[in-house]
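K.L.:
Please model the entire structure based on the sequences and the hints provided.
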Amino acid sequence: MDAASLPDPAGEPARILHVLRHALADPLSAAALKLDLVERRLLSPSGADPSWAAERVRAVQADLAATTRLLDLLLRLAAIAGERPEEKASLRDVCLRAAVPLDSAATAPSRLPLRATALAEAIRSVAVFVAGPGATAAASGREGLESGRVTLTLEGSRERADAARLLDLPHGSEDAAALFVARAAVAADGGRLELTEREGRLSALFSWPLRAEGDAGPRGDA
Amino acid sequence: MKVLVVEDEPRVRASLVELVEELGYVAFAAGSVADARDSLSRETPNVCITDLGLPDGSGLDVVRAAKAARADCAVLVLTGKGSILAAVEAMRAGAHDFLLKPLKPAFLASSLARLAESWTPHPAAHPEPATPGRLGEMVGRSAAMREVFRLIARVAGSEAPVMITGESGTGKEVAARTLHALSRRARGPFVAVNCGAISPHLVESELFGHEKGSFTGAERRRAGTFEMAHGGTLFLDEVTEMPPDLQVKFLRVLDTRAFRRVGGNEELDVDVRLVASSNRDLAEAVKNGSFRSDLFYRLNVFPLWMPPLRLRKEDIPSLASHFLSQVEEKERRGFTALENAALAALARYDWPGNVRELKNAVHRAYVLSDPPTVPPEVVEAVLNTPHAAESAPAADANAEAWPEVPVRVGEKLEAVERKLLIATLQAVNGDRRAAAEILGISLKTVYNRLKQYGVDHPALTKGRARGS
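Sequences listed follow chains W and B, in order. Counting from 0, one number per residue, gives the positions in the first sequence under numbering that gives the first Met the number 0. Counting from 0, one number per residue, gives the positions in the second sequence under numbering that gives the first Met the number 0.
There's no promise every hint is true.
Claimed, not checked - Calculated cross-link-like contacts (lysine to aspartate or glutamate; reagent style DMTMM-like; alpha-carbon spacing at most 25 Å):
#1 B:Lys1 x W:Glu38
#2 B:Lys103 x W:Glu38
#3 B:Lys66 x B:Glu146
#4 B:Lys103 x W:Glu54
#5 B:Lys312 x B:Glu266
#6 B:Lys418 x B:Glu226
#7 B:Lys103 x B:Glu21
#8 B:Lys450 x B:Asp244
#9 B:Lys312 x B:Glu265
Said to hold, decoys possible - One-sided and incomplete, this derived list gives chain W residues near chain B with beta-carbon spacing under 8 Å:
#10 Pro26
#11 Ala31
#12 Asp35
#13 Arg39
Worth flagging that the hints you see were computed from the coordinates, not collected in a lab. Glycine included, each C-beta is placed from N, C-alpha and C at the ideal position.
P.N.:
And the structure:
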């Protein structure tokens with residue numbers, strides 16, 4: 000997969016679909032290569048060993064199962080696109096709905112046009128992911144304002160060295176699918192989700208452009 | 000042939016290795032840039048197949064490492080549709096070709112077969128070594144042409160698309176044919192398409208072919224130019240004249256390397272190397288929106304500029320002698336040379352129509368001279384005839400040299416007339432009066448027809464009416 004080098008012609012939602020397309024291409028490639036190999040052996044004068052062929056068929060079935068799992072993500076993206084944004088949702092309320100506690104010393108609550116249900120699920124899944132598999136509670140959040148953007152930071156204790164790739168459906172990280180969906184939910188409201196590594200620990204940064212008074216604000220276009 | 004597979008997705012990597020071995024090559028694998036560097040230093044493969052996105056870096060790093068380890072290592076880049084531009088970058092960095100994911104095993108097999116063949120040199124693949132002053136049919140000893148020869152020789156071995164620019168008549172198609180002759184596809188077909196000369200009504204059928212009964216007059220299945228060029232080189236002449244809707248369809252074929260015939264349901268894979276040409280300012284065409292930027296970037300992987308003849312006047316004597324030999328070989332009248340004073344007269348002229356104009360002038364001088372030599376006074380007379388090389392009498396003399404216009408039974412007369420008018424105008428660099436004389440119609444009729452057909456692109460209308 001090569002999400003990092005993708006052109007960004009139509010913003011984050013288009014980029015997300017490209018990532019999914021890339022991810023689908025891998026198991027489809029693997030299946031096509033195996034089927035070609037089986038066909039070549041079957042058509043060769045010596046024929047194909049049945050147990051060898053059966054093993055390849057099972058491997059193709061596994062490739063197709065991986066494809067199906069990725070295709071199911073389209074349903075999740077469709078649900079996000081289908082949700083109507085709440086005009087002035089409070090980020091604090093959304094975090095409450097996600098059962099992710101916010102730092103009490105946070106700034107005044109921001110109100111943004113957000114798909115509250117999709118975002119709550121996104122915040123929840125990211126908080127669980129960054130907290131790590133052994134954590135007893137999800138990571139807590141901190142709301143802020145940085146460079147004209149409303150931010151929500153979740154700092155966890157999970158140790159990962161490949162933070163930047165986690166949002167791009169890396170193979171071998173089945174649990175990263177939830178991060179991909181979370182990223183799509185944030186992008187649907189014009190926001191961004193970034194994962195970084197601080198002192199070996201994962202940290203998630205959600206951000207949305209701050210809506211000026213009278214401004215139409217970010218519009219979802221998932 | 001040894002093949003290194005660099006792919007971080009284990010299922011794809013394992014399947015690639017297995018298929019490469021099944022095809023009869025020696026395969027070994029790496030899952031990262033670091034692994035690839037290690038393998039490259041130990042194994043020195045002939046071919047490297049690499050994914051663009053790797054956990055510890057980019058496939059571009061692998062391209063550079065492969066080229067550093069072995070300059071003639073051919074690198075095939077694996078990429079998705081959305082990152083074609085990244086693949087183009089890889090080709091600029093020295094990659095041989097790219098393969099789209101999901102992978103089509105047949106493409107991989109044919110790419111590897113072609114590469115394997117190139118590792119066993121055969122005379123036909125490299126018909127003519129670069130002798131001083133010649134490369135294929137190209138002639139020139141000037142610094143500008145030596146650079147052109149160097150670039151053609153360099154890019155011929157790769158699968159990179161080439162965009163040849165230069166004024167009309169500078170020899171862009173000859174350069175494309177030379178490129179093809181020196182490439183690994185030399186045994187395959189070379190198919191040239193003039194993008195500005197295809198009737199809009201027939202454009203899809205011309206390029207993609209059609210199934211029997213797909214439209215009135217389609218009485219049998221017909222292969223399009225893409226199909227005809229399969230396994231070889233497709234030359235898109237005057238590519239900036241391609242209508243906008245066709246540019247979209249064309250881009251889709253380039254991205255998927257597959258197409259459907261008009262009226263057909265079957266998707267056909269196509270394996271062609273693209274060489275395009277234009278005599279227009281490409282950046283300007285992109286800027287004013289007449290040419291899609293994404294198509295431009297796909298085709299402009301390796302730009303090649305053909306210098307105008309006025310900037311390489313030292314090549315005029317050898318070119319003129321070459322053309323004289325060509326005519327003499329056909330007509331056998333006993334000519335041996337152009338006299339020195341005749342060559343000097345040719346060298347003094349500015350040649351706005353470039354090499355094509357010189358070729359026509361030499362032909363005309365040949366017709367007007369008596370053997371065994373062409374004297375200076377005949378050359379002077381030819382050059383003093385306004386737009387001599389592009390004029391109607393010259394056209395008659397050179398009737399064999401004009402391009403042919405394909406016509407099929409069943410085509411509307413209007414479509415045939417349109418094709419002929421456009422092709423004639425292109426052959427005389429947009430000179431409407433010359434076109435009128437060649438076609439035996441009035442200048443007014445040419446103007447009326449252009450208006451009627453809605454033909455308005457610069458290549459056909461920028462030309463002046465001779466004498467005006």
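K.L.:
Which earlier hints turn out false for this structure, listed by number in ascending order?
P.N.:
The structure breaks hints 5, 9; every other hint is satisfied.
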